[in-house]
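Take a look at the letters that make up each chain.
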Amino acid sequence: MSADHTRDPCPIVILNDFGGAFAMGAIGGSVWHGLKGFRNSPIGERRLGAVSAIKARAPVLGGNFGVWGGLFSTFDCAVKAVRKREDPLNAIIAGFFTGGALAIRGGWKHTRNSAITCACILGVFEGVGVMFQRYMAWQAKPAAPLMPDAPMTA
Amino acid sequence: MSWLWGSANSEEKKIEEVAPPAPSLKDTLGFDPNELADLSTILSAKGAFDSERLHPLAGLDKGVEYLDLEDEALTSMEGAQTGLIPSRGWSDDLCYGTGAVYLIGLGLGGAYGFGEGIKNIPANAPGKLRLNTILNHVTKRGPFLGNSAGVLAVTYNVINSIIDAVRGKHDDYNSIASGAIAGAIFKSSKGFKPMGISSILMASAAGVWCGIKRVIA
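Protein chains in written order, with the UniProt record's numbering: chain A, 1 to 154; chain B, 1 to 217.
In short, the hints are calculated from the structure, not lab data.
For clarity, every value in this text was computed on a predicted model and none was experimentally measured.
Output of the computed footprint for chain B on chain A, the stretches with three or more beta carbons under 8 Å from beta carbons of chain B:
(1) 9-16
(2) 21-29
(3) 45-59
(4) 62-69
FRET-style restraints, in silico, Cβ to Cβ:
(5) A:N113 <-> B:A217: 43 to 51 Å
(6) B:I162 <-> A:R83: 38 to 46 Å
(7) A:V60 <-> B:G127: 24 to 32 Å
(8) B:A125 <-> A:K109: 22 to 30 Å
We put the beta carbon where it would ideally sit given N, CA and C, even for glycine.
Construct the entire structure; sequences and hints are all you get.
Below is the structure:
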């Protein structure tokens with residue numbers, strides 16, 4: 001496979017993922033909680049309800065996204081450094097550790113379940129990614145040139 | 001992708017190797033029928049399965065003409081490359097800026113919470129309770145400061161990129177102006193006085209950051 005040139009090399013990409021995930025969560029959370037606060041407020045206080053819902057919840061959602069993305073990226077880099085290869089299993093292992101690390105204050109059982117769930121979700125993501133990649137490769141497959149049946153006489 | 005589709009150059013090389021000129025027949029017929037390149041001669045030719053040539057990254061010593069480098073072209077906007085790391089555009093600025101500020105906020109808040117937690121440990125508490133007290137304080141202070149700082153950074157970077165795009169160049173005035181606007185938006189639900197204060201604070205923070213960039217980079 002050709003190298004991926006759209007992502008930066010490993011230690012610094014963690015910073016990029018932290019920021020990207022946080023921005024995604026914060027902006028998406030503004031839209032989501034803005035709509036939710038607007039709809040759940042009585043008429044006449046809708047704008048105020050939307051603003052206060054955004055203020056209260058969008059940064060928290062951004063933080064949750066950011067911590068998840070940054071931890072995942074950190075573990076992904078660590079797994080890459082240990083295994084010295086890049087394949088879908090990396091993301092699954094990193095997802096396992098991320099899920100476990102985020103749930104570690106909830107006790108052993110919670111940690112285990114969360115780690116396994118997270119690994120499964122990442123497994124599904126990676127599976128879909130591989131399927132999509134195969135489909136793209138199949139769509140753009142190299143076509144054999146048309147061969148004439150009999151050699152042309154000179 | 002040339003290793004997958006096959007590049008024009010490598011095909012030519014193979015045919016050159018298997019069909020050397022044979023003067024006698026070539027003079028009469030115009031070509032040599034014994035050494036015409038069909039599939040089996042290509043496959044049995046020396047070096048057809050040479051791992052060096054079949055490797056995906058083969059031929060890189062000749063230059064990078066096969067690599068698609070369009071995606072990682074750095075932005076050519078005037079003044080945009082004065083930062084600490086090279087930037088590919090607004091998404092890089094947004095991600096790196098937000099990530100750095102968020103992590104700094106998280107770290108500072110966490111450190112403050114750590115100190116507070118250590119102060120607030122109940123007397124004669126067992127180890128588990130001590131750990132829990134400290135962690136509770138860290139997770140109370142750290143994410144709060146981190147989230148606020150991160151939201152400020154997102155707003156600042158988005159406005160900065162918009163001003164850059166409108167003006168067509170990046171300089172310190174852009175940073176200070178976007179800092180002022182971001183600070184004003186951040187406190188916009190609190191009234192005019194807090195808006196002004198936070199606007200001034202953010203503008204001066206942006207100015208200080210521009211100065212730091214000058215010194216470091």
